[in-house]
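Asks: In case you want the letters, here they are:
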Amino acid sequence: MFAEKLLPLISSFPQDAEALRRMAEYLGDFESRRGPAVFKIRLNPNRLFDIMQAGSTSRLARLVSILVEGEIIRREVVVRFPSGSGITFESYSDLPFLIRDPDRDIDVRVTEENIEASYILVTNEVS
Amino acid sequence: MTTPLDLELPEAATIVDIRILHPDHNKTPVSLTIKIVETRITKTFDSELIDHAKGVITKKWKFAKKRAVNIATLDHTGLLELRIASQDNQTKYTNLVKELLIKIRKFIPHDGFNMISLNYAKSRILTDRILLADEIRYSNSTARNDLGAVMQISSSSQEDNLSSDDGSMAALDSFLASDGHVTGTNVYVKIPDTKPQRELHLLISGEVNEFAVPVACSAGEYSYVRGKVIALNK
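Those protein sequence lines, which keep their order, are chains U and Z. Residues 1 to 127 in our numbering are what the first sequence lists, from first letter to last. Residues 1 to 234 in our numbering are what the second sequence lists, from first letter to last.
Among the clues, some could well be false.
[Said to hold, decoys possible] Here are the computed distance ranges between Cβ atoms for each label pair: (1) Z/E48 with U/M1: 56 to 66 Å; (2) U/A17 with Z/T44: 50 to 60 Å; (3) Z/I102 with U/Q53: 40 to 50 Å.
Because the hints were derived from the structure by calculation, they are not lab data. Think of the CB as a built atom: it goes at the ideal place given N, C-alpha and C, for glycine as much as any other residue.
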């Protein structure tokens, strides 16, 4: 299903076709092995870099932009706590200055040290 | 540059030395090294003043200037290594890497380079832990699966070896077997032929191509650890 969604993008962006094909293969493989769990996929930029073998940050940025504009993935921002858990926000502009770490029950300042971009499949959205 | 610049605390990051290692003039140069010196500010908390009337707490930090040396080396195989002096109170190096690339761009245009992901080395350090038992001591590891779940395993103390804990390792193996990926390894590399055994702290985390040796060490020791990371990534 997702592999098919990427086909028009692969045709539209021949320069990036190989990397997009890798993404399609990854999604197709995941879906065939784990079925509906594919809807819960959540990937960070490093994982996307490895899956698509982006090669450089500028190329990764371009590939992510293609996938976002093609409505394959959507970016969220996660404030990550030392325990490994996190709280998700729709965008950087939604980030608060302080946030409650539910695991330690203390206020934590939101800085570039504890935020990370995270990408989910567009179909994950609640309708 | 014919003579390296002798700068202690420059106002702006400055290239102080450029060297081409070319021992055999009939062959390709072995490497090009550019050394950049910059001044960093390190803050230490000093005191806080509580103004009860205004309901304000004012905190004061002292700062000191510190010399930091960053090095870029391009070897004859085309491998470009950027070595950034460690920071005291930040773990992200992205901006420092960008600044260094801009600084050396005149001599090493970086457009043609691909980043080498160290993901394979990160995983291999864990999956080959029995083979590497005499070379590496395990402290903690972080893994993430493709559903975004995070797993962190730490040894009971910095002195312990996590790889001898079968239960923890089995849990990590199971996590990795189901679309999990190692995102950070925190290990100690044993330097051969040292008594008492010398170990260098090695962190492979952060950006895909980033590793850190956050301890003072000799050039030979650093070279050994760097070589180990590169070998594990093949």
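Asks: Which of the listed hints are not met by the structure?
Replies: 3
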